[in-house]
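Taken in sequence, the protein lines are chains B and S. Residues 402 to 528 (our numbering) make up the first sequence, in order. Residues 4 to 126 (our numbering) make up the second sequence, in order.
In case anyone wonders, no lab produced these hints; they're calculated from the structure. Note that the Cβ used here is the ideal one computed from N, Cα and C, for glycine as well. It is possible that some hints are incorrect.
Unchecked claim - Pairs of lysine-lysine, BS3-like flavour, derived with a Cα cap of 30 angstroms:
1) S:K87 x S:K11
2) S:K100 x S:K87
3) S:K100 x S:K83
4) S:K100 x B:K511
5) B:K511 x S:K87
What the hints assert, rightly or not - Which stretches of chain S does chain B cover? Using the computed rule of at least three CB atoms under 8 angstroms from a CB of chain B, they are:
6) 54-68
7) 98-105
As the list claims (entries may be wrong) - Negatives, chain S to chain B, calculated, CB over 10 angstroms:
8) A5
9) T8
10) R10
11) S18
12) T23
13) E24
14) D25
15) P41
16) L73
17) F79
18) E91
19) C108
20) Y111
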Amino acid sequence: MADVNRGNRPLSPHLTVYRPQWTSMTSILTRITGNALLITGLLIVWWFIAAATSESAFAAADFVLTSWFGDLVMFLSLLGVWYHFLAGLRHLYWDTGRGLEIETAETLGKAAVIGAVVLTLLTIIIV
Amino acid sequence: MAFLTARKRAEGLGSAGGATEDHWNMTISSVALAILTPLFILSFGSILGAPHAEVVAYYGRPYPAIVAALFLAVGFMHFKNGVKVMIEDYVGGFARKTWIIAMTCLSYAAAAVALFAVARLAL
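One chain only, chain S, in its complex shape (with noise of 0.2 angstroms):
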């Protein structure tokens, strides 16, 4: 440690010490979403209302289904990271720290079951 400039101890972790990684994580998941959002919803929106056995065979090509699969595991994780930051702004302590991990687990639960189930489907 001693051999490092202070200069080097510093750079990139900007004046709250962190969490300039929390603002990447952001900006690469949001340039990912500003793809995939509309791509999902296009391709949602054509199925959603349809009978079982047309939702099946949509979802067995691969187009509609990468879609689904990235659009909704990406997502999921853009939102454990937004929600991390909102709870971060409002609550302290023990809520803070108990509302971060529940939606933490929340968000990979979702998109595991998203993910199973679009492979189930695609398979």
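Isolated chain B, as found in the complex (with noise of 0.2 angstroms):
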């Protein structure tokens, strides 16, 4: 039979319903982070080929990425890779099955965005 109320049905409670949790924050954190390292990346690349092809190309790219603007850039990127980095070895310890109980879960989530602060900082200070 044809449905009348197609489309104007209640939905099931969806994510803005939800308090956030150190669980789903730190997993779209993740999420976001590697995906927006992307541009760090190409920055990266577009460094390296410049300094690969001639001093002037290189002055362009090396201008961009050691301006204030870059420096900003750089220093997101540093918090955003330590932050995936850490992140990933908590997925890596989870495939081993341990680690899941949602009150371990939280407290690796909390470590590791307080380690990527750390691990920023230090960065900044060793290099």
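Mind assembling these two chains? They're in different frames, but the hints should get you there.
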């Protein structure tokens, strides 16, 4: 039979009805950082191909990457890549069947966020 | 086919009928990147901002050149597989195909440019 009410039916609750949780937020953050790093990757590839091409091409790429805006992008990328790195380690740990209890998963998520900040600051100090 | 048991046909495919390979490919590249990422951050970070001649000399050495080549190549393959899963999650139909093809081409292109650039600097 034809559904007379198609398109106007109540929907089951979706993302918006849930309180943000560490598990869901750290999961989506992994995806956001991983995909946003495309921009950084392309900038770095540009820097490399420019260095391999000529001094003037390198000057342009280097100017962009080391300008205040480049510094900002690189700083955010550093945070993003360290977070994605730690979140990836968390996934590899999960893949062994361990750390899947909600409390452990939340603790590991918090550790990844804090760890990313710490590693970013360490990188800036060392490099 | 008739000689295969039901279990044998299902083995390794997962409930979706596929994609266990996607997961396994991500596992391999993520383990590789777990090692390469810190190495690349430290080496690239130490030379970024240096003048052109210094950069050329730096990447003429084997260690920085090999780390950069490996990291960028493996990184873009990891990106290619990861972005594919994201597209499959959020986009359907023709747009899905278009996005996956575009991102796959971009990933290979970026990896090729990176390898060419590093090779040219190194040799």
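We went through each hint and held it up to the structure:
Taking the CA atoms of K87 of chain S and K11 of chain S, the gap is near 28 angstroms; set against the 30 angstroms cutoff, the hint holds. For the suggested pair K100 of chain S and K87 of chain S, the alpha carbons sit about 10 angstroms apart, so the restraint of at most 30 angstroms is met. A distance of roughly 14 angstroms separates the Cα atoms of K100 of chain S and K83 of chain S; the hinted pair therefore holds under the 30 angstroms criterion. A distance of roughly 36 angstroms separates the Cα atoms of K100 of chain S and K511 of chain B; the hinted pair therefore is violated under the 30 angstroms criterion.
Under the criterion of a C-alpha separation no larger than 30 angstroms, the hint pairing K511 of chain B with K87 of chain S is consistent with the structure, at around 27 angstroms. Residues of the segment 54-68 of chain S lying with their CB closer than 8 angstroms to a CB of chain B number 4, which satisfies the three-residue condition for coverage. Under a criterion of three residues with beta carbons nearer than 8 angstroms to beta carbons of chain B, the stated coverage of the segment 98-105 of chain S fails, only 0 such residues being counted. Residue placement check: A5 of chain S keeps its beta carbon more than 10 angstroms from all beta carbons of chain B (closest about 35 angstroms).
Residue-level check passed: T8 of chain S sits 27 angstroms from the nearest beta carbon of chain B, beyond 10 angstroms. Residue-level check passed: R10 of chain S sits 22 angstroms from the nearest beta carbon of chain B, beyond 10 angstroms. The beta carbon of S18 of chain S sits about 17 angstroms from the closest Cβ of chain B, which is more than 10 angstroms, so the claim that it is off the interface holds. With a least beta-carbon separation of about 12 angstroms from chain B, T23 of chain S lies farther than 10 angstroms from that chain, consistent with its non-interface assignment.
The non-interface label for E24 of chain S is consistent with chain B: the shortest C-beta to C-beta separation is roughly 15 angstroms, beyond 10 angstroms. The Cβ of D25 of chain S sits about 13 angstroms from the closest Cβ of chain B, beyond the 10 angstroms cut-off, so the non-interface label holds. Its closest Cβ contact with chain B, about 8 angstroms, brings P41 of chain S to no more than 10 angstroms, contrary to its assignment away from the interface. The beta carbon of L73 of chain S is kept farther than 10 angstroms from every beta carbon of chain B, the shortest such distance being approximately 13 angstroms.
Taking the minimum C-beta to C-beta distance to chain B, about 7 angstroms, the non-interface status of F79 of chain S is violated against the 10 angstroms cut. The Cβ of E91 of chain S sits about 12 angstroms from the closest Cβ of chain B, beyond the 10 angstroms cut-off, so the non-interface label holds. The beta carbon of C108 of chain S is kept farther than 10 angstroms from every beta carbon of chain B, the shortest such distance being approximately 13 angstroms. Annotated as non-interface, Y111 of chain S keeps its C-beta farther than 10 angstroms from every C-beta of chain B; the closest such distance is 12 angstroms.
Going through the hint list in order, the structure does not satisfy hints 4, 7, 15, 17.
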